[in-house]
Amino acid sequence: MMRQFFFWIILACSAVISATANAQQNAWIQIESQPSLREGQERARAYAGVFENVNGFAIGSGWYAVVLGPFTPAGANAHRKQLRRENLIPRDSFVVDGSSFRQQFWPVGADTLSQPPVVDPDATAAIQTPAPVVTPAPALVDETPRQARKSEKLLTRAEKKLLQTALQWEGFYTAKIDGSFGRGTRKSMADYQASMGYKPTGILTTKQRAELVQSYNAILAGIGLATVRNEAAGIEMNMPTAMVEFSKYEPPFVHYNSKNNSGVRVLLISQVGDQATLFGLYDIMQTLEIVPRQGERSRKKNSFVLTGKNDKIQSYTYAALKGGMVKGFTLIWPVGDEKRHDRVIKAMKSSFAPFGTTALDESQVDLGQDQSLDLVAGLEIRKPLISRSGFYVDAAGKVLTTSDAVQNCKTITLDNTYEAKVSFVDEALGIALLKPLQSLSPAGHANFRDTAPRLKSEIAVAGYSYQGALGSATMTFGMLSDIRGLQGETQLRRLSLLAQDGDVGGPVFDMSGRVLGMLLPKLQKNGQRLPDEVSFAISAQAMGKALAENGVTISASQTAGAMAAEDLTTIGADMTVLVSCWE
1 MMRQFFFWII LACSAVISAT ANAQQNAWIQ IESQPSLREG QERARAYAGV FENVNGFAIG
61 SGWYAVVLGP FTPAGANAHR KQLRRENLIP RDSFVVDGSS FRQQFWPVGA DTLSQPPVVD
121 PDATAAIQTP APVVTPAPAL VDETPRQARK SEKLLTRAEK KLLQTALQWE GFYTAKIDGS
181 FGRGTRKSMA DYQASMGYKP TGILTTKQRA ELVQSYNAIL AGIGLATVRN EAAGIEMNMP
241 TAMVEFSKYE PPFVHYNSKN NSGVRVLLIS QVGDQATLFG LYDIMQTLEI VPRQGERSRK
301 KNSFVLTGKN DKIQSYTYAA LKGGMVKGFT LIWPVGDEKR HDRVIKAMKS SFAPFGTTAL
361 DESQVDLGQD QSLDLVAGLE IRKPLISRSG FYVDAAGKVL TTSDAVQNCK TITLDNTYEA
421 KVSFVDEALG IALLKPLQSL SPAGHANFRD TAPRLKSEIA VAGYSYQGAL GSATMTFGML
481 SDIRGLQGET QLRRLSLLAQ DGDVGGPVFD MSGRVLGMLL PKLQKNGQRL PDEVSFAISA
541 QAMGKALAEN GVTISASQTA GAMAAEDLTT IGADMTVLVS CWE
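The sequence shown: position 26 = 26 (my numbering), numbered continuously.
It is worth saying that the hints were derived from the structure and are not from the lab. Errors might be hidden in some of the hints.
Said to hold, decoys possible - Straight-line alpha carbon distances no greater than 35 Å define the calculated DSBU-like cross-link-like pairs of lysine-lysine that follow:
1) Lys160 <-> Lys150
2) Lys410 <-> Lys456
3) Lys160 <-> Lys187
4) Lys312 <-> Lys421
5) Lys410 <-> Lys301
6) Lys207 <-> Lys248
7) Lys81 <-> Lys160
8) Lys349 <-> Lys312
9) Lys522 <-> Lys435
10) Lys349 <-> Lys176
11) Lys176 <-> Lys153
Said to hold, decoys possible - Restraint ranges, calculated between C-beta atoms of paired labels, are given here:
12) Val335 <-> Glu231: 55 to 65 Å
13) Lys410 <-> Lys339: 18 to 28 Å
14) Lys349 <-> Glu427: 46 to 56 Å
15) Lys248 <-> Thr227: 19 to 29 Å
16) Lys150 <-> Asp178: 16 to 26 Å
17) Gly197 <-> Ala226: 35 to 45 Å
18) Lys421 <-> Ala564: 30 to 40 Å
19) Ala226 <-> Lys301: 26 to 36 Å
20) Lys456 <-> Lys421: 35 to 45 Å
21) Ala226 <-> Lys410: 55 to 65 Å
22) Thr287 <-> Gln147: 52 to 62 Å
23) Leu154 <-> Ala175: 22 to 32 Å
24) Val335 <-> Met563: 27 to 37 Å
25) Asn257 <-> Gln487: 28 to 38 Å
Remember, it's a predicted structure, so these values are computed and weren't measured experimentally. Quick reminder that beta carbons are idealized off the backbone N, C-alpha and C, glycines included.
Based on the sequences and whatever the hints tell you, model everything.
So this is what it looks like as structure tokens:
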């Protein structure tokens with residue numbers, strides 16, 4: 001009996017000596033210490049969402065250490081340097097041998113103190129190279145539902161919201177992010193557990209919570225989200241620094257262009273101004289390629305938000321007026337990567353912090369000789385597929401234009417502002433009627449001539465000769481050469497004038513201000529191109545008949561006196577509109 005007693009005493013001592021020896025061989029990276037068990041658990045739980053080998057130990061005097069490990073001493077030092085270099089752990093983290101560790105409180109039920117260290121054969125090389133040291137994590141002992149609910153009670157409200165956000169991210173939770181675990185949250189937890197092959201209890205264990213949060217955070221890998229402070233712009237915010245890099249200043253923008261072919265771009269917006277400046281920027285931004293037409297627009301008294309998306313990019317722009325300065329940012333992101341885009345936008349919005357009393361000053365920047373009407377501060381202006389002219393035919397804002405201008409358009413706009421849809425097309429006449437999507441009250445509309453014009457009389461065409469480069473319609477004067485086409489077509493009028501492609505679709509006036517036709521393209525349907533000084537117009541009578549057949553009532557008159565050229569120019573500007581076709 002006495003012999004058995006001494007045997008068990010010796011065996012127990014051997015186990016203690018073995019565990020102590022393992023502890024002496026181990027090394028740990030101590031990243032934090034907290035003055036209470038609850039705070040220690042909260043911090044360990046937070047780090048467990050990022051690292052797999054998080055452990056927590058009581059270290060005496062009421063303090064609780066959060067550590068990573070175990071490693072060999074060389075591996076711990078290499079790992080610490082790498083993590084500090086990547087700003088993943090506090091700068092004051094240090095390596096310990098674990099001799100001060102007492103009872104383990106994290107992970108729940110684990111015993112990693114007596115485990116042998118994870119040997120990293122490349123530890124020495126890791127000290128000299130930036131490659132991270134990957135170490136397998138100690139297995140977590142999972143919890144019963146009762147234990148899971150008990151550990152869940154220790155979660156802060158912020159941590160509960162994070163879990164709901166992660167569940168929402170994975171597609172299981174659709175309700176409000178409020179940190180309250182009600183029926184909807186429990187169901188989403190059970191659905192998540194079932195999808196992962198766990199028993200669907202509706203209560204996530206510590207291990208499952210860590211996996212969920214780690215998956216949520218893993219999507220940011222390779223983005224390099226870090227704080228960038230630009231003194232010239234007076235803006236500090238988080239940016240995806242692994243995907244963009246500083247390029248140039250072109251007020252009011254600071255350009256951060258794509259890095260490593262990421263396709264991502266960032267603009268900082270910074271300029272002195274007032275509400276008019278803010279509203280002007282709101283309008284200008286919508287003309288740029290980086291703000292696709294399809295997307296939500298929101299303008300308030302002192303701020304605005306622009307979103308846009310096409311088949312290539314999606315963008316988000318925010319700007320606000322405060323203290324006599326307009327500051328904001330734009331993120332341009334490739335389509336097809338929405339999850340990372342949404343996370344980066346969230347981080348950028350929450351971290352956006354204007355500072356100081358300075359903004360970009362255009363006078364201090366050499367704009368050089370590369371300026372172009374197609375660029376605004378180095379950004380390309382969005383261009384339509386085609387722009388032609390049209391004119392209002394009634395007081396409701398219906399527009400008649402050439403059918404060539406509205407083929408294969410995803411969007412049609414009037415004066416780059418109002419969207420319109422095709423009401424009808426008459427391919428035989430080469431005309432199309434557009435109806436604006438919102439009510440318009442044009443300054444003027446066409447008064448059609450219902451009799452044949454006099455041969456060799458003076459005529460004029462109102463049109464956007466340069467396809468919108470000028471702010472209003474241009475008037476081009478010429479002569480009526482014939483009241484028929486070259487083949488005797490009675491619905492055509494032959495004109496002698498030097499018209500541009502942008503004039504096509506514009507109204508042709510007699511000198512009394514009545515519309516006698518609409519200018520047609522020079523390229524004929526048979527493939528022939530007319531001489532520069534020869535053009536054709538579809539007659540007012542042919543247009544009037546087509547409009548009447550489609551339920552449009554027009555104004556018409558037979559006679560009127562001649563008017564001054566400047567008055568005719570005013571009439572033309574009031575009724576002529578720029579018609580643009582967009583992808």
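Subject >> Violated constraints from the hint list, given by number and in increasing order >> reply: Checked against the structure, the hints that fail are numbers 2, 6, 12, 21, 24, 25, while the rest are satisfied.
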